[in-house]
Each structure stands twice: as C-alpha cells, then as structure tokens.
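Residue numbers for the sequence shown follow my numbering, so the first one is 611 and each next one is one higher.
Treat each hint with caution, since some may be false.
Stated by the list, open to error - Computed Cβ-Cβ distance ranges for the label pairs, DEER-style:
#, residue 1, residue 2, range
1, VAL687, TRP633, 23 to 29 angstroms
2, GLN650, ARG733, 46 to 52 angstroms
3, ARG730, THR923, 51 to 57 angstroms
Keep in mind the hints are simulated off the structure, nothing from the lab.
All values derive from a computational prediction rather than experimental measurement.
Beta carbons are placed, not taken as given, at the ideal position from N, Cα and C, and that holds for glycine.
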Amino acid sequence: MGAGRAAAEHRQWDEQHPWPPRWLRWVPPALVVVTMLLDQVTPQRYFFGALLSASVVLALFTYPPTGVLAVGAAGCVLLAVTQSIEDYVGPMTVVALTVLATVTVLSAALCVVRRRTERRFHRVQAVAEAVQLALLRPLPARIGPLRLAGFYRAADDEALIGGDLYSVRPTPFGIRVIVGDVKGKGIGATRTVATVISSFQEAALLHPSLGEVAERIDLALQLDRESPPSEPMDDDRPAHTPAQAPGPADEVFVTAVLLEFSADARVVRVLDRGHQPLVTVRHGTASVAKGDHSLPLGMSDLLTAPPGTVTHTLDAGDILIAYSDGVTEARDSAGTFYPLRERLQDHCSSSTGPVSPNALVTFIEEDVARWAPTLGDDLVAIAFQPAPSGDE
C-alpha cells in the first residue's frame, strides 16, 4: 500500500498501454504499399507520391533511425520503379524524390533525438521512483498490535511524489506516525518532504514526547528557511551579488498530525499542528475526533504556548483515519467539496459486516476518484486499527 503501490501502478499502466501502440508499426509500410497501388490504378494526372513522406514521418515515432532510413529508401525505390514502368519520369517525380529523401534524412535525425530523450526520461523516472520509495516507504499491513492501510496519490498523474507526506515508525515510546502536507508544490515541496520525514524518523527514536519530536522538525524547517537552495547565476547579475534572503513568499511550513500509539495500540496520543482533524469509525458511525488545533510545523516562533496533545482510547474494531486536505478539498463538477465523514458514514451504514482499514482506504481512494475526476492537490489517507485481543 501507500506510495509504493502508486509506483507499481505507473509501471503496470505503462506495460498495458505502451506508447506508441504496437499496431502503429504496421502503418508506414502499409502506407507505402497503398500509395503505390493508388499510383497504379489511377490516371497519370493523379500523383500520390507525396504520401510517402507521411510514411517516413510515422516511422519516426515507431522505428529506430535505421528503420526510418529503410522506410524512406523503400519509398524512393518504389516511386522511381513505378514511375519508370509508367514511362512518366518527369519534373514531378524528381521533386517528389528530392522531398522524400530530405524528409527521410531529417526524420532519421529527429529519431535519434527522440530516442536519446526517451532514455533520459526513463533514467529520470527511475531516479524519481527511487526517491519516492526512499521517502514514502510502502506501508506494512501490520506493525505489532496495530493494523494499518493507506494510499498516496500525487495531483500530477505523471509525478510519483508531491507535497503530501507520511511516515510510520516503531519506537521505544510506541508506534509513532506523521501525516502532513507541505506548503507549496514542485521541487521545493519535495525538498521539504525529505526534511520533515528524515527529521521525524530520527527524532521519533530519541525524544520521549511528541512535543519534542515536533520541536526537532520545527528546527529543521527553520534551518531550511534560513538556508534556501542555491540558484543558477544570472548572467546579468554581478558575480559578487549575494542571493536575496527568503521573504514571506518563501516561508516553509507543514501542516501535520503526529500520532503515538501505546504498546497495545488501544491508546493514541495526538499532536495536531494545523492539520485536518482525524476521523474515527466506531460501531459503524463516522465522527470527527476531538483535537487541540495549533499552528503548523515551521511556525513555532509564532506560538504563545507549547501545543498540547490529546489522548484517545480505541476500542476493539475502532478505526482512526488521518488524511490530507487534498481529500476533503477534492471538488466535483459543481464545485462541491468532498464530504469525507458523510461519505464514510454512508459506506459504513451500507456495509453488511465490520469494516477493515484496507476496505476503508480503498473506498476513500475510489470514491474521491469518482467524486473529482481531476485532482487539484495531492492525496494521502491512512487508517489505523488496534488488533483484537488475542491476535497480537
């Protein structure tokens, strides 16, 4: 589950829907044959030799450079032979051969560029997938007494990672979790995701309280804000000109919720730093869990008091769901936001048996996709459930 599944689905989609489609490989030679047949069965005043250039252009997208040259050469030979048989080698034939030869050479050169670009793209995609799997590791179905399931979707279908984040880690203080949403998008957001996850994974093992873990992440974000990534030197800017300090538009902050499950996963402590409220599913009823809302991570200098944690007790069968605002801000064609709690309530009411974390997150993922075919933000949702007594 999680981001690893998204990467696997990207690969599966590419395998099932190759581009260009395989049948397109048969079009260039078929077009050459059709062109020659048309040239033979129609009066001499009709000339279809120019269609041979189209076969070469199509070969550019499906064949290697040698294949493009072969299609162009075959077209030139067939054109010259058919015109000789008809004893109609004139200025039109010379022009057609010249154009076809020129298009063939240019298409072969473009084919070389295309193949190099494709190889570079595949290398970049492999690196992006490795980065995704390193940051957003696949979620196990269970950690000790805690069952969990989740999904991750980037707003950009071609992207493997966005601005949402999650991490689950067993520690000496219990199973600790962070689910968050970085301000902004693109490379800068991914850099902040790496900062938050690496800081959380280290601090979660060392600090006994969630407040101290949050303080460590705050410090890391502050260092990021004070040390922005270097930018390429502008040719019009003197070499000695220093980079401008980050202003208000460069603020780095993350809305996040930190969770800490007890040894039996029946008690969970929650530290909410400006994130979406948790949803609890209990006995078929979905409700918003009470929390102590505070400022996002990275804005600790504006806090007047340390944020407090809220403790919840989970009964057997209870499910706790953490999610990003991409879920609740998904809009349908009429502009209506996705009503997560209400949709979960309807789903639980219509279910004939007890629901599981995997079933709930699968429902959310599919239901959001039906509600909002076009995503405007990244999505993440993770469901947690303590294992029944005796199943630990």
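Hints and how they fare:
A C-beta distance of roughly 25 angstroms is found between VAL687 and TRP633, which places it inside the suggested range of 23 to 29 angstroms. Checked against the hint of 46 to 52 angstroms, the C-beta distance between GLN650 and ARG733 comes to roughly 48 angstroms, which is consistent with it. Between ARG730 and THR923 the Cβ separation comes to about 54 angstroms, which falls inside the hinted range of 51 to 57 angstroms.
Every hint from the earlier list agrees with this structure, and none is contradicted.
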